[in-house]
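A.B. asks: Sequence order for the protein chains is A and B.
Each residue of the first sequence is one higher than the one before, starting from 671 at the first, in this note's numbering.
Each residue of the second sequence is one higher than the one before, starting from 570 at the first, in this note's numbering.
Please keep in mind that the hints were generated in silico from the structure rather than gathered at the bench.
C-beta atoms are modelled at their ideal positions from N, C-alpha and C, and glycine is treated no differently.
Please note that the accuracy of each hint is not assured.
[To be verified] No more than 27 angstroms apart at the CA atoms, straight line, and that leaves these computed lysine-lysine pairs for DSSO-like:
1) B:Lys688 <-> A:Lys867
2) A:Lys959 <-> B:Lys572
3) A:Lys712 <-> A:Lys754
4) B:Lys723 <-> B:Lys709
5) A:Lys720 <-> B:Lys602
6) A:Lys989 <-> A:Lys712
7) B:Lys696 <-> B:Lys675
8) A:Lys871 <-> B:Lys616
9) B:Lys709 <-> B:Lys720
10) A:Lys712 <-> B:Lys572
11) A:Lys836 <-> B:Lys660
12) A:Lys871 <-> B:Lys602
13) B:Lys572 <-> A:Lys803
14) B:Lys602 <-> A:Lys836
15) B:Lys572 <-> A:Lys870
16) B:Lys675 <-> A:Lys867
17) A:Lys732 <-> A:Lys959
18) B:Lys688 <-> B:Lys675
19) B:Lys572 <-> A:Lys784
20) B:Lys689 <-> A:Lys708
21) A:Lys781 <-> B:Lys572
22) A:Lys720 <-> A:Lys732
23) A:Lys870 <-> B:Lys602
[Unchecked claim] Computed, partial: chain B to chain A, Cβ under 10 angstroms:
24) Gln585
25) Val590
26) Leu591
27) Trp594
28) Leu595
29) Met596
30) Tyr597
31) Gln721
32) Val725
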Amino acid sequence: MRRLLTVKLLLFSAFFLGHSLIASAKEDASDGSKKDIKTEIKEYIDHHLKDSHDFSIFSYTKDNGEHVYVGIPLPVIIWDDGIKFFSSSKFHHGETIAEAGGDYYALEHGKIYKTDAEGNLSHDEEGHITNPKPIDFSITKNVVMMVITGLLMLWLFSSLARSYAKNNGVPTGAGRFFEPIVIYIRDDIARPTIGEKRYKKYMPFLLTIFFFIWFLNMFGLTPLGINVTGNIAITFGLALLTFLITNFTGTKDYWKHLVDPLGDAMPWYGKLPIYIILVPIELLGLIIKPFALLIRLYANMQAGHIVLMSLIGLMFIFKSWIGSPLSFFLAFAITLIEVLVALLQAYIFTMLSSLYFGFASEEHDHHEEEAELAHL
Amino acid sequence: MEKLLNDFSFGLFVWQTLLFVLLLWLMYRFAWKPILNAINDREDGIKNALAAAEDAKKEMQNVTADSEKLLQEARGEREAMLKEAREIKEKMVSDAKEQAKVEGDKMIAQAKATIDSEKKAAVAEIKNQVADLSVQIAEKVLKEELTNKDKQLKLVDNMLGDIKLN
Chain A
671 MRRLLTVKLL LFSAFFLGHS LIASAKEDAS DGSKKDIKTE IKEYIDHHLK DSHDFSIFSY
731 TKDNGEHVYV GIPLPVIIWD DGIKFFSSSK FHHGETIAEA GGDYYALEHG KIYKTDAEGN
791 LSHDEEGHIT NPKPIDFSIT KNVVMMVITG LLMLWLFSSL ARSYAKNNGV PTGAGRFFEP
851 IVIYIRDDIA RPTIGEKRYK KYMPFLLTIF FFIWFLNMFG LTPLGINVTG NIAITFGLAL
911 LTFLITNFTG TKDYWKHLVD PLGDAMPWYG KLPIYIILVP IELLGLIIKP FALLIRLYAN
971 MQAGHIVLMS LIGLMFIFKS WIGSPLSFFL AFAITLIEVL VALLQAYIFT MLSSLYFGFA
1031 SEEHDHHEEE AELAHL
Chain B
570 MEKLLNDFSF GLFVWQTLLF VLLLWLMYRF AWKPILNAIN DREDGIKNAL AAAEDAKKEM
630 QNVTADSEKL LQEARGEREA MLKEAREIKE KMVSDAKEQA KVEGDKMIAQ AKATIDSEKK
690 AAVAEIKNQV ADLSVQIAEK VLKEELTNKD KQLKLVDNML GDIKLN
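Same shape as in the complex, but just chain A:
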């Protein structure tokens, strides 16, 4: 335990050391290069928020101006008239172009563009790169983190499952911590929102999505500079699954309610003018619900990372005995809040998914509805 803590502390200090070295190097070269420290920090944050083609742990600049990156290159897989497969080390962190199968590719702001042998990129008036983009299926940092998270989850929970078999239904070790969470998701999220009869078939998805988001959020707080759940493609994928499950498990009542929300409460000629407005809203609601899910998770994680990194960056801008400790303290406080947010966002995503499933799988008791209307 103590050794683990030491390793963590070392990692932390390595992370901050990496930052400070960049900062000090930049300071030395500030008169030489046009970039000031604010732009540097902004770019660093932008870079951090994006997915990356290599797993860099930290980087620093040597006295002679040479950038040194510590990390692991990852495989690049692109589809450009056939699969091309090479190591991301060929890009040298975007500093050089990579050659694969006779074509040349450049890495610019985390995206791969097809270029000529010199690596020239053409820009339009707005500054966007107009070079053709091959479809990028690279095993990026985020993909690696998802695999690691998946393996961690599999290991944790299959060992919990095995401990039940071994100990006659009593969990051991980490399972004692995770079992109440599993039961919480079942009893306080799935059961009340979906209902006693149908909650069981949604449980695997809800549990997986909760722990997947939570673990990835927590990984985002490590100094490894990971931002998986703050990536729009990831949250889009998660929300899409919720959307698909909601609509594929939707009952007849759910669909009927969607296109005929008032039911038999009104004659058709009365409903018609209302439905011209109501039905498009209902159908739009189908998309808005998962869209809100994906934006909420993305924005929360993204914002957390921006705030945290900005506060860390402020230390190098203040460079005073008052400002820097203050901003360090703030960064520390925000980190604590982020730990809460990591859990909260996972909870919210799971809770809302569960609610949508509940709406979709609900079977209305029409007699009850009629009785209600009669009372009105």
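Based on these hints, arrange chain B on the given structure of chain A.
C.D. replies: Leaving out everything else, chain B in the frame of chain A:
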């Protein structure tokens, strides 16, 4: 919105979806199914154990009530038996008394009858004896009277005297 679209990486989306669906299946197969089953089994076990305990409690109460009832019954039976015995005893005593009285009365009546018949016999005997004695006395007196002439005459005189008077 443009930034969002620009940030969107199709490759990452594909990887994420593939990996997540694979993870979902693996987790379902190796983790959630056995975990949820184990939790369910355990909860059922607890529920059953509680129900069994409740049943046992009820059973115990029944047994206690039964034994109480039995005791009550036994007590009642004893009471009844004692009462019956007492009644039998009283009846026997009164019966005996009754019989003794009847017997006594009968004996008394018999004795009375015997006494009566004895008395009658004795009276008859006495009557006979008195008659005998009277005859004998009369015989003796006559004999005496007739043996003496004077006396006989006197007697006749007396008798005649009486007649005369009359």
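A.B. asks: Mind checking the alpha carbons of Lys871 (chain A) and Lys616 (chain B) for me, to see if they're no more than 27 angstroms apart?
C.D. replies: holds (23 angstroms)
A.B. asks: Can the restraint linking Lys781 (chain A) and Lys572 (chain B) be considered satisfied, given a maximum Cα separation of 27 angstroms?
C.D. replies: holds (14 angstroms)
A.B. asks: Given Val590 (chain B) as an interface hint, is its Cβ closer than 10 angstroms to any Cβ of chain A?
C.D. replies: It holds, given that the least Cβ distance between Val590 (chain B) and chain A is near 8 angstroms, below 10 angstroms.
A.B. asks: Is the hinted pair Lys871 (chain A) and Lys602 (chain B) satisfied, with a Cα-Cα distance of at most 27 angstroms?
C.D. replies: holds (11 angstroms)
A.B. asks: Starting from Lys836 (chain A), check that the Cα of Lys660 (chain B) is at most 27 angstroms away, please.
C.D. replies: violated (80 angstroms)
A.B. asks: Just to be careful, I want the Cα atoms of Lys675 (chain B) and Lys867 (chain A) compared with a cutoff of 27 angstroms; is the pair within it?
C.D. replies: Violated, at roughly 98 angstroms.
A.B. asks: Tell me if the interface restraint on Gln585 (chain B) is satisfied: Cβ within less than 10 angstroms of some Cβ in chain A.
C.D. replies: Holds, about 4 angstroms.
A.B. asks: Holds or violated: Lys712 (chain A) and Lys754 (chain A), Cα atoms, limit 27 angstroms.
C.D. replies: Violated: Lys712 (chain A) and Lys754 (chain A) sit about 33 angstroms apart, past 27 angstroms.
A.B. asks: Has the given pair, Lys720 (chain A) with Lys732 (chain A), been kept, meaning a C-alpha gap of at most 27 angstroms?
C.D. replies: Within the cut-off at roughly 25 angstroms; holds.
A.B. asks: Are the Cα positions of Lys572 (chain B) and Lys803 (chain A) separated by 27 angstroms at most?
C.D. replies: holds (17 angstroms)
A.B. asks: Has the given pair, Lys688 (chain B) with Lys675 (chain B), been kept, meaning a C-alpha gap of at most 27 angstroms?
C.D. replies: holds (19 angstroms)
A.B. asks: Does Leu595 (chain B) hold up as a contact with chain A if the rule is Cβ-Cβ below 10 angstroms?
C.D. replies: holds (6 angstroms)
In the structure shown, a violation is registered for the earlier hints numbered 1, 3, 5, 7, 11, 15, 16, 17, 20, 31 and 32, in ascending order.
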